[in-house]
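Quick note: the sequence shown, position 168, residue 168 per UniProt numbering, numbers continuous.
Be aware that a few hints might be false.
[Unchecked claim] Pairs of lysine to any residue, SDA-like flavour, derived with a Cα cap of 20 Å:
1. K213 to L195
2. K940 to G814
3. K213 to L129
The set of hints was computed from the structure by calculation and includes no laboratory data.
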Amino acid sequence: MTTLLSRLSAWRRDRRRQRNLQAAARAPLALSLHWRGRAPALMLALGALALAAGGALVLWRHAAGMAEQGGTAAAPDLPALQAVMPGVRFDVPQAPGIALQEVAGGRLLVASGLHGGPVVRVDLCARPLPLQVGYRFSEASGAPSLRHAVLAGEGSSIPAMTITAAGETLRVRWRERGAAARWVGDAPGAALRSLGWLVWREGAVRVERRPGKGCAQGEMVVQAFSTAPVAGRAPGRAHVVAFPLAGAPAGLRLEPGRYAVPAVATAAREDEVLFNRLRARGLLRLGADGLLELAPPDLAQWLAAGQGQRAADLAGWRGQQADEAMRRLLQRLYRQADGAYVQRQVDLFNSERRLLAWRLRAGAAAPGVTISAHAAGGGEMAQSAEMPPLAVRLFADLPQGWQPWQRAAHWPGRSQATLVLRLPQPARGNERIELLLAGRHGTARGAALSALDACSGAACRTPGEVQAIALRPQAGATRIELTVRALDVAGALHPGDQAYRHIALAGGAPVWQAIPASAYSAGVRGGGSAAGGTGEGSVEAPARAGIQIADRDGTPLWTGGAATPAARNAGLANLLGVGPAHAASVSGMLARAAALEGRARAARLTISLPLQALGQAILECQGLRGGAWNGQSCDGGVAPPVQRRAGLVLLDADNGDILLAAGAGGPAVTTGNWREARDFDRANPARSPLRLPAWQHDGGAHSSPGSAFKIVSALGLEMAARQDRTLDGLLGGLPLPEIDLLAQQRGYAFRTDAPSYPAATAAAHVTNYREQSSARRAESGRLGLAQAMTYSVNTWFAWSAELSDRTLQGRAEGGAPGLRALEEGALAAQRPIAEAARTLGFGTQMRLDGGLLPAGFPWQAYDALQTSASRIDPIDSRHELRQMAIGLRMQATPLQMALVSAAIGSGQLRAPRVLAALGGQEAQDAAGTALPARLDRIRKGMKGVVDSGTAAGAFGGPALAEVRRGLYGKTGTAPVSADDATVWFTGWLEPGSLPGQTRRLAFAAFVSHSQLTGGAHAAPMIAALLKAMAGQNGKQKGNPPSFAANGWAAAMP
């Protein structure tokens, strides 16, 4: 019976390890041990080690997501509460509600069914305390002390809070608005050190103080929650936060249910016990170089042997005592599964402290070159093709054009080494060998060396930590030796990673730490982290194998576990999936849905493959390379800037079907570089080459829509003009002298004859294109919204935005432009342009599944059927308000801007979709939301853009005469530097403008890192697309195929 129980225990232990660690589905990092006389039985342990190899990578994936989410676990992990509230029992109800319980050892907050508002970040250096939260505009408008308040809506139940400094803590005072409110924080009384919640019957406010970048005071992060239902949004898991009487709080997100926190800590597992025993005996130690060292497997034999019998030099371990306990520990370390797991963690620890890696340029001038690494003593070092995940943080963008990495897998001594390059034949003397080195180079023998610094990522301390090396072999050379030094990368871990490593340093000594069970479950259940979303989850192969995806006409796009060649050629690989492991792709999402439902269902997309192929070709030709599409191929064009990105969307404006979603620029991801792309995606998801430029952005300056946003600004001005007759008259068009008089009477430095606003100032100001005055754009001596739109007059829009914005309190100077909104719509009446943006979809992460994915589907950030929310950066000054009005300091996507145009054209905002049908179930057309203002003046201005304004050059000529009659648009040029801009064109095409076209079409295109304008770079792409759809390209003979003849009209719903 004892033997049976021990076997059962061993089986359960191995089963646990395999279940947790196989989730990564990744080839193991190479383990290389260089001890003489390794026992043959060690090879038996390597199989177990291979199973363990991927585990740390699953943990890394979850760590990245946790860092992005602020450190709150995404799955049940009650042992996390054990250290702060052992033995506590609590319920998470199904119904919305907030409960603050007094329990043994502290207080427990359980808040279920909550909907979160905007996350507001306040830089405490730019906005010193006190901080007012939850005040209403009517309370803040007349109080100078409230100029930087975070406001609630006029009818909100959120208490008015004031947060002040009180030594090391922050004090909180509040005024209730009906229901009684209670405070719970990590400091005694109504205070907090880093975290606190104010809760009442209908909602809560979470307040967190975090360290700030470049600000000793840090930042405040404030978010309001409500139990009120929100249409179209399901509440997330409940917030459960334990506030102990002493120490830091601990939080979880839990599903409804009954829970019990363990009363005692979980007993140490076998691998932890082994680690601690090895360390206690000195068989695992931290070397002087900061790397962990393990005693060799034959140490006991070496110690017992005589001086003349010792074949290896293990003098560094001479102080050990060879006894039976040592032999058992070493046998367990090198022959059993828990020992193999400990070895793997040691290898991971070391790989994240010291890195030496290299790769050759693909298609090198000297094919057949091989590279080996040699330690200072001359012995060849073991190599691995598996890079630690942190390596991708050395680069701002995924490196392109290189062979796979190789790295030194084991460091027996100093960090110095020699790379030996062997040439397949003697060099002629004119070859050039390019090498990318993660490390420091020294001297080269056998070749001339030149190098450029190439470290550009967040983990770089200096640019020279990665070097692009060019070697020119000497004539006759067959061997090149390059001295190198490894990098110390101990500080390069992604934020949050260390908590998801078993081995850490505490007080300079190695310790074993438990990893939350949720780290494993996230990899097993979700197949990807919230940070990245590439994931290689645990969706079973049968579920993936059944995935079938077709375009809107039934043409196969994905079958047999891969995108079809036609789909890949049309640029759909990142959308459909680079391969079966791409969990954030459409195929990966459908596999997750199949796992949830227990069956796979065939999907049909709204995408038209012929239109997609056409749009992708035009985007790559004209957008990326600056060529000209002749209807069949690309004429001209040059190599694009490395950082250039471009996107193009075409949609049905009347039902939201996305017909074309093209993207170009950035590294191509294939099965060959999948691992590196996946690691980069996890470390830097916004800049990942797996993002979809059509509706996902990186949050940076190169995503600003520029003057294309003036469509949104115009709608905001029209909304404000409903209650402002003066503004309404200005929009309708006033004589130039009346405009100047109005500005003068109100104290504004706006003049129609000035090229900038404020006029004649050395302070921050807005300037018109080519420094032209707004008066030059008047028609019959009058200037209004239509003319300002047609000719994109920056100064008019900047001044009009100030007139419409009530946070400025009608003043030409001063006001409170820095007010923030704690709730959606809290500043709707005060800041109409921002409210217009919200009305048109800004701030919303849209789901493109047409409502077809099953209830409870596990959505993840950067899923292919989910957009990045287009956002406006926080406004702190009048100048930033002016910049908002002309489309700067914000991020938008082509899909968002196409939806803006569609809404202006149709008068309604409709939800977009990519998924048209799933398992035979058709997506239903959702009712549109009518826009709350007149649109005729905006439409007139957008018609003028095409006919005589900033895009007229792109659409002139007889070939597009018929199309031009129904075409409306707006250009955008968002300067990023003196030489670079992001350029845009967006608009719509009325039905009947193309042969066979019965629906209104909306579109948007952008190109980053352009030296041209939106009218010269982005608008011509749309012109080429519409020209091809109309069958009017110059190289076709006879009667060209029409929109209908090409099948594109039939593709329309």
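We went through each hint and held it up to the structure:
1. K213 to L195: The hint holds at about 19 Å.
2. K940 to G814: With a Cα-Cα distance of about 34 Å, the restraint between K940 and G814 is violated, given a limit of 20 Å.
3. K213 to L129: 17 Å, holds
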